[in-house]
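**Student:** So the chains spell out like this:
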Amino acid sequence: MSKQKLSRRDFLKVGGAAGAALASATPLGNLARVAAQSDQTINVLTVGDPWNLALQNVTDQFTEATGITVNIETLGYEALQARLINSFLTKSADADVIAVDQMWISQMADNGWIRSLDDFISMDSDAHFDDFLPECLYSLSTWRNKVWTLPIASYAQGVMYRTDLFEAAGLDPLPASVADAGDWTWEDYFGILEQINGMDLDGTSMYGTTVIGYQPVPVVHMYTGLSASYGTRWFTQFPEAPWDFTPTINSDANVAALHDWKRLYELSPPESINYLWFDAGTRYSQGDIGMFYHWTPYFYLINNEGYLTGTPSPVVDKTATAVLPTRGAGGDQVISLGGWSLGMPSTAANQEASWQFIKWATGSEAQKAMGEVNVKGHQFADFSRQSNYDDAGLKEIYPFLDTQLEMMKLGDGKVVRPPAPIYTSLEGVYGLQINQAMTGTVSPEQALETTQILFQNILSGNQMIPYLVESFDDTLENTKALQASLSGM
Amino acid sequence: MPSRYTFQRRLPWLLLAPSVIVLLALILYPLGFALRNSFWFWNLQTSPVPLYHSGFDNYRMVFQVTPFAEALKNTLLLAGIGTFAQFWFGMGIALLLHTHLRGMGLMRALLIMPTTLAPVVAGFLFRYLLEPKGGLLPWLLEGVGFPVPPQGFLGNAGTALFSIGLVDTWQWTPFFAIVLYAGLLSISEEVLEAALVDGASAWRLFWSIALPLLRPIAAFLVMIRFMQLFNSFDLVYVLTSGGPGTASRTLSFNLYREGLVNYNIGLTAAMTWLVVIIVSVIINLYLFFIYRKREW
Chain A
1 MSKQKLSRRD FLKVGGAAGA ALASATPLGN LARVAAQSDQ TINVLTVGDP WNLALQNVTD
61 QFTEATGITV NIETLGYEAL QARLINSFLT KSADADVIAV DQMWISQMAD NGWIRSLDDF
121 ISMDSDAHFD DFLPECLYSL STWRNKVWTL PIASYAQGVM YRTDLFEAAG LDPLPASVAD
181 AGDWTWEDYF GILEQINGMD LDGTSMYGTT VIGYQPVPVV HMYTGLSASY GTRWFTQFPE
241 APWDFTPTIN SDANVAALHD WKRLYELSPP ESINYLWFDA GTRYSQGDIG MFYHWTPYFY
301 LINNEGYLTG TPSPVVDKTA TAVLPTRGAG GDQVISLGGW SLGMPSTAAN QEASWQFIKW
361 ATGSEAQKAM GEVNVKGHQF ADFSRQSNYD DAGLKEIYPF LDTQLEMMKL GDGKVVRPPA
421 PIYTSLEGVY GLQINQAMTG TVSPEQALET TQILFQNILS GNQMIPYLVE SFDDTLENTK
481 ALQASLSGM
Chain B
1001 MPSRYTFQRR LPWLLLAPSV IVLLALILYP LGFALRNSFW FWNLQTSPVP LYHSGFDNYR
1061 MVFQVTPFAE ALKNTLLLAG IGTFAQFWFG MGIALLLHTH LRGMGLMRAL LIMPTTLAPV
1121 VAGFLFRYLL EPKGGLLPWL LEGVGFPVPP QGFLGNAGTA LFSIGLVDTW QWTPFFAIVL
1181 YAGLLSISEE VLEAALVDGA SAWRLFWSIA LPLLRPIAAF LVMIRFMQLF NSFDLVYVLT
1241 SGGPGTASRT LSFNLYREGL VNYNIGLTAA MTWLVVIIVS VIINLYLFFI YRKREW
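Here the protein sequences line up with chains A and B, keeping their order. Residue numbers for the first sequence follow the numbering used here, beginning at 1 and rising by one. Residue numbers for the second sequence follow the numbering used here, beginning at 1001 and rising by one.
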């Protein structure tokens, strides 16, 4: 929680006559205008992801610049979702700025629970909206050709592996860029895992990899990274118009992916069926995992022995990152792109101050400051802006940024985990069936056949088959056009 | 104007009326509200208000899109076996306490401690104790040659539900023990001595005298714990999240998923009513058999 602020008296002393000039000139004019409304407080409701730690460490800078006090309240994922929905339904002004998971955008936007940010963006050149990676905006922030939030932490997926183990096994380093990854396939990936699984490294018996098996949300997050790369699509047609939500989840591509997911589990510690996101990262950090793929924040989180412990991991200088493989050599790649963005509830009492905070926190300078925070190690490299990826100082702290950027540019959050209005229900049954297949209770074919039937029932029961509401051609190209339009280009 | 006699006859009803009205409102209104919602399509993911009357669709969907049958089976297993185990372990401890052996005073004080823990705390505690890599319990069990599943007790479909029951039993057996011990203390010494004079063995003393005299309190305890276990949520949520697969899914966890994760209010209301009906049938059958020869 940040409580520091400039008092009106101090601000007037320092600003004096310069204030009038500042007020007339954007972008600083906006800050001055907001500062003139000092004694304002905004409440920010966020989630306990690592980016939140970095944000809290730099929020004082916002308060110093604007005089706006920021109260940050942090909740767990499900608690945040429940709190937000309760406040929306009761139309209570619970917070001025909220953290929004990409999967909630459609629901919140369609129900009018959050405000579109289009007007704020188009009237504020200080937002540098054109600097955002369009893939991040597309996956995290847009719905029906409007911008509803701005990304504060974007995650793609990539590979982490033990360089010392690869050396001991006589394996070549993996490709760190797409240009070098022409023949880097999942079959190669499995071949390496089979070779290193059970190897002895300095007295430690190594597992080939680790999966995240906890159902439903964690397992879906990791599994869909593999299945999308295999070509799996959830629906007959989405996000391209016209939307047809007839499920295609039992496709041959997905059956092949689930078979291979079981192979991955067989090369993992058996207890990883109960692993959450950070359990897998922590297990790798502890030194008996050879290679795994995960969300990109784990590129830096594995530097700690445990989740945000601050104790250096024994693998910290023995890890390299690589791009995700494709199913066939040189084949098309789709990477999962997820993360968090900041939005403004329709009930927000201080809309101008809320916008100033959203713009600031998602801005290039604040993001860089978050990346430079060194509390229990550097804990933020989840940038959504090109300028941050180009920053030499940040690249020095996070040497994997080029690989991460390439993964971001192949990212498509709307295909890998489609933000359909009842996504949460679909994810619930999907995660359960993947987990069932991992236990061996059902075969991959049976699991996906059941998922297909359940998807059909849920989607029909929720009036989404046939889809009678107007569709939108929700493509990356349309997001790029929207971005250009709102940037005044 | 009513006569003094009529007024006096009605006075108890009048005095009770406010409480009865409040109680009925608190019970009937939510149930009525849930019943109404169970016949409407209302999913907060798609609309903040009920959209249309859907007949029995929500009831059909309970069986089609949620693992209701698995959850019911697990819930009955957990509640039935858990209550049975806790009752008999508790009875054994109560009998031990009743022997007035040295140190039983301290035991009584220590015994109640697990019951005072919040189930979430107990869940986290046992999550660490059961951790397959470095957890105390697997380490101890492996030390004495007991087979530990490679996925851990919480990650194995055959042991996940049993582990939840174990933690619940650890936490709630002392409650049975303390209450049953209080019941044993209330049995008249003269009755026990008379039986001993008549030559009753310790076994006979327990089965034919102590247990029947404990029956009212035991029946009530069993009913309360059965209902609590039937509604188990905290431990399931913390320990296994219903997994692996549906191996430890309970009805309450299903309700949580549909109501507070999927926000399907209509479906959750229908499931709530099914659970209410099932619990009512079980409890009323239980009461019928336990109290059929008594007025209560």
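Think of the hints as simulated: they come from the structure by calculation, not from any bench. It cannot be assumed that every hint is accurate.
[Stated by the list, open to error] The calculated lysine to any residue pairs, modelled on SDA-like cross-linking and capped at a C-alpha distance of 25 Å, are:
1. A:262 x B:1028
2. B:1073 x A:91
3. B:1133 x A:91
4. B:1133 x A:241
5. A:91 x B:1052
6. B:1133 x A:480
7. A:262 x B:1133
8. A:368 x A:480
9. A:262 x B:1052
10. A:409 x B:1052
11. B:1133 x A:311
12. A:409 x B:1051
Being a predicted model, the structure only gives us computed values, none of them experimental.
**Student:** Compare the structure with each hint and give your call.
**Tutor:** Hint by hint, here is what the structure shows:
no.	hint	verdict
1	A:262 x B:1028	49 Å, violated
2	B:1073 x A:91	40 Å, violated
3	B:1133 x A:91	47 Å, violated
4	B:1133 x A:241	49 Å, violated
5	A:91 x B:1052	22 Å, holds
6	B:1133 x A:480	48 Å, violated
7	A:262 x B:1133	21 Å, holds
8	A:368 x A:480	24 Å, holds
9	A:262 x B:1052	42 Å, violated
10	A:409 x B:1052	43 Å, violated
11	B:1133 x A:311	20 Å, holds
12	A:409 x B:1051	40 Å, violated
Hints 1, 2, 3, 4, 6, 9, 10, 12 from the earlier list are contradicted by this structure; the remaining hints agree with it.
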